[in-house]
Amino acid sequence: MNEQLKQLLINRLTALADDELILAHRDSEWTGYGPILEEDIALSNISQDELGHATVIYGLVEALTGTTPDRMAFFRDADAFLNAQLVELPRGDWAFTMLRQYLFDTYEHVLLTAVSTSLYQPLADAVAKFRGEEMYHLRHTHVWVERLGIGTIESNGRMQDALDTLWPYTAQLFNPMPGEEQLIEAGYFPNVSLLKEKWEQIVLPHLETSELSIPNTAPVLAPRSQHTPHLEDLLADMQKVARWDPQAEW
Amino acid sequence: MTEKTEITKETVLTALETVMDPEIPVISLLEMGIIRDVEMGNGRVEVTLTPTFSGCPALVEMETLIHEAIIALDDVEVIVHKQFNPPWTSDWISDEGRQKLKHFGLQPPNRHGGNLVMTFFDVVTCPRCESKNTTLKNSFGSTLCRAIWYCNSCQEPFEQFKPL
Numbered sequence: 004m005n006e007q008l009k010q011l012l013i014n015r016l017t018a019l020a021d022d023e024l025i026l027a028h029r030d031s032e033w034t035g036y037g038p039i040l041e042e043d044i045a046l047s048n049i050s051q052d053e054l055g056h057a058t059v060i061y062g063l064v065e066a067l068t069g070t071t072p073d074r075m076a077f078f079r080d081a082d083a084f085l086n087a088q089l090v091e092l093p094r095g096d097w098a099f100t101m102l103r104q105y106l107f108d109t110y111e112h113v114l115l116t117a118v119s120t121s122l123y124q125p126l127a128d129a130v131a132k133f134r135g136e137e138m139y140h141l142r143h144t145h146v147w148v149e150r151l152g153i154g155t156i157e158s159n160g161r162m163q164d165a166l167d168t169l170w171p172y173t174a175q176l177f178n179p180m181p182g183e184e185q186l187i188e189a190g191y192f193p194n195v196s197l198l199k200e201k202w203e204q205i206v207l208p209h210l211e212t213s214e215l216s217i218p219n220t221a222p223v224l225a226p227r228s229q230h231t232p233h234l235e236d237l238l239a240d241m242q243k244v245a246r247w248d249p250q251a252e253w
Numbered sequence: 030m031t032e033k034t035e036i037t038k039e040t041v042l043t044a045l046e047t048v049m050d051p052e053i054p055v056i057s058l059l060e061m062g063i064i065r066d067v068e069m070g071n072g073r074v075e076v077t078l079t080p081t082f083s084g085c086p087a088l089v090e091m092e093t094l095i096h097e098a099i100i101a102l103d104d105v106e107v108i109v110h111k112q113f114n115p116p117w118t119s120d121w122i123s124d125e126g127r128q129k130l131k132h133f134g135l136q137p138p139n140r141h142g143g144n145l146v147m148t149f150f151d152v153v154t155c156p157r158c159e160s161k162n163t164t165l166k167n168s169f170g171s172t173l174c175r176a177i178w179y180c181n182s183c184q185e186p187f188e189q190f191k192p193l
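Taken in order, these protein sequences are the chains called B and A.
To convert, count from 1 in the first sequence and add 3; that's this note's numbering.
To convert, count from 1 in the second sequence and add 29; that's this note's numbering.
I should point out that these hints are in silico values taken from the structure, not numbers from a laboratory.
Keep in mind it's a predicted model, so treat the numbers as computed, not measured.
Just to be clear, a hint being listed does not mean it is correct.
With a straight-line cut-off of 20 Å between C-alpha atoms, the simulated EDC-like cross-links for lysine to aspartate or glutamate are [what the hints assert, rightly or not]:
#1 Lys-111/A with Asp-73/B
#2 Lys-166/A with Asp-43/B
#3 Lys-166/A with Glu-149/B
Quick list of simulated restraints, FRET-style, between CB atoms [unchecked claim]:
#4 Thr-116/B with Arg-65/A: 23 to 33 Å
#5 Glu-32/B with Glu-35/A: 47 to 57 Å
#6 Glu-159/A with Thr-68/B: 47 to 57 Å
#7 Thr-71/B with His-110/A: 10 to 20 Å
#8 Arg-74/B with Pro-86/A: 19 to 29 Å
Just some of the chain A residues that point at chain B, by a computed CB distance under 10 Å [to be verified]:
#9 Thr-79
#10 Trp-117
#11 Val-146
#12 Ser-168
#13 Leu-173
Cβ atoms here follow ideal geometry from the backbone N, Cα and C, with glycine treated the same way.
Chain A extracted, bound-state conformation (with noise of 0.2 Å):
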């Protein structure tokens, strides 16, 4: 058992840091703007968490870490609220996040302030050789919030978050 110390939002936003999106093992929800409020209160600790799409299959398991990461702190009862509206963006990624996407090799999404139809058109850069030379191969990927594409500079493939 590690010591625990008093909970406070702020060691609970900490512990968040570390929660880190299951797909995604680099960046935190925190960073993907997927949880969007901690209130505390009464020996409870609610937090609102908005999915990204509909069908991911790594909600539960993100119910779950949030879950865990803050009872590692104090005895308290976790409550998670599902919020769909407003709905995700892609647009809520941080910017740091923006770069740790780009690191892992997942090119991070241009942001489009809602104007979703826009992003169909735009240019998408290679996060490996930044070549602007690039094709899109399929709009559906490997999970569903990625999309394949092809860089004609440095000849590989590589995926792009997908703005939403």
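Next comes chain B alone, as it looks inside the complex (with noise of 0.2 Å):
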């Protein structure tokens, strides 16, 4: 593998694995305060299980470039994460995380389907093992969008309001990164701009059956190294205690 293609797949693996770091502390953030004992277990395990996937794809940006997935995560500024900004927004209600999390699972699930045949070998190795666990979050978060979409005139309020905050977001997720041609040419990662189509299938006839309207809004075409201060914030608390003593061992 030449340099220069080599630097584009440590992007994009950085990319993946933030993304599934950054949800999975917006996540955490609800453990503890879960509307009702079981949905707090649920979403702490969707959460963990993220966290498993970002340190399974830090590992192979390791083996690329030396950095520790510890390092990854806790000592670089928000600068230099490669995170879709749909990830970083705060919280907010119960009904923004859930549909945050469904759209991020049926984005996952179109693009763990097309990457599981990359012939970059230990990328394919690894989402073969996600597949399965995210098969369990896509049903949990499926179920919520419906049952707040059609439940009372309050849910589907707020379940519209997340989605005319979130929809323009979704647009990031399909936007190739710098020099992608590259890595699609090579076959180590698909072109995400043609998952779009196959992502909207899923959740386009979901979002209608759960009574809400896609927005007619502007999207958001940033490049990932552009981040709402909403990364800073985020970064600001998750990264504080490691960094208070970089050299202790945990």
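Got two chains here, separate frames each, mind docking them using the hints?
Shown next, in the form of structure tokens:
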């Protein structure tokens, strides 16, 4: 693998892991605060799964760069993260959290299916592992979207508000990263822009069934290196303890 | 110090039979199908491990336990490889392992031959009273590998080892 291709691969793997880590952190903010005990447990489990996926993918980055998963998570500043803005937005209310998780789970479902045939074997091996776990997430959030969408006037209103906020950010997930044509050509990573249609085939009918309408808003197409101020706030909280004593052994 | 006999693949496997799953201490990592392979050679024992759930926090503990069980036999180098593909499936839990899970109060998962989604329609039996009149309360439980059910016959909640 030439240096340029390797760097592109490192960037894409970092983006994959950063999405999982930041979403896991946002979900984990509900631990101890869930609306009912069982949902608190369920979301904490989902968060733990996503964190596990992040750790595995950071492990693939480590094999290429020598940087450990802990260094990646706790010692980079916001401008070095490559997560989509969708996952860094504050957790909002329960409707917002469930809808974001659903939109992301369906994206992951489509993405992981495509990535499972990657010619970069360590990546194909890793995602083969994730797919079964993701089925449980999807089943859970799929039901929540419908339950809240067709529930009461208030729950529908909160879901519609959440969708109005979240929808434009979903565009960024299907926006290829700079130079990604080379990864696509090498068969290492799928063309994410081609996955959008598959994703919409799953998401659009379900949102309609859930009595929600797609807002007519301009998509967010910022590069993954650009962030909202919310990421900095999240990192300040998440990285605080590790940065107090960088040499500490855990 | 206990007396050490010559280390062979058989003695390693016998030692590994005593290495229990840290989260379900009645079933061994061999019965769980987590240990996939043991290779011997040049003063080295290499063990291939397949994690159950990617975020399983018991993974590090498993590696430590495997290491300890083998070095207790002889002064050898132990290398634990993590393998993700083929991904671990609950189908690999042995028949004996399933009985132990059930006895522990954890209903073992039905085998699905790779068709995980079909298990979402499974009727899950209560491990205590064998009733099939049960309801899923939460597909997420106290650990990543457990779901919470309720038995409508004996009116007790129970845990199921999740199919994966």
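Status of each hint after checking the structure:
1. Lys-111/A with Asp-73/B: Within the cut-off at roughly 19 Å; holds.
2. Lys-166/A with Asp-43/B: holds (13 Å)
3. Lys-166/A with Glu-149/B: holds (18 Å)
4. Thr-116/B with Arg-65/A: 23 to 33 Å: At 25 Å between Cβs, range holds.
5. Glu-32/B with Glu-35/A: 47 to 57 Å: Since Glu-32/B and Glu-35/A have Cβ atoms about 55 Å apart, the given range 47 to 57 Å holds.
6. Glu-159/A with Thr-68/B: 47 to 57 Å: Since Glu-159/A and Thr-68/B have Cβ atoms about 54 Å apart, the given range 47 to 57 Å holds.
7. Thr-71/B with His-110/A: 10 to 20 Å: Hint holds: Cβ distance 18 Å, inside 10 to 20 Å.
8. Arg-74/B with Pro-86/A: 19 to 29 Å: At 20 Å between Cβs, range holds.
9. Thr-79: Result: holds, 9 Å to nearest chain B Cβ.
10. Trp-117: At about 8 Å, which falls below the 10 Å cut-off, the nearest Cβ of chain B leaves the hint on Trp-117/A intact, so it holds.
11. Val-146: holds (6 Å)
12. Ser-168: holds (6 Å)
13. Leu-173: Given a least distance of 6 Å, the restraint on Leu-173/A holds.
Violated hints for the displayed structure: none, as all numbered hints are satisfied.
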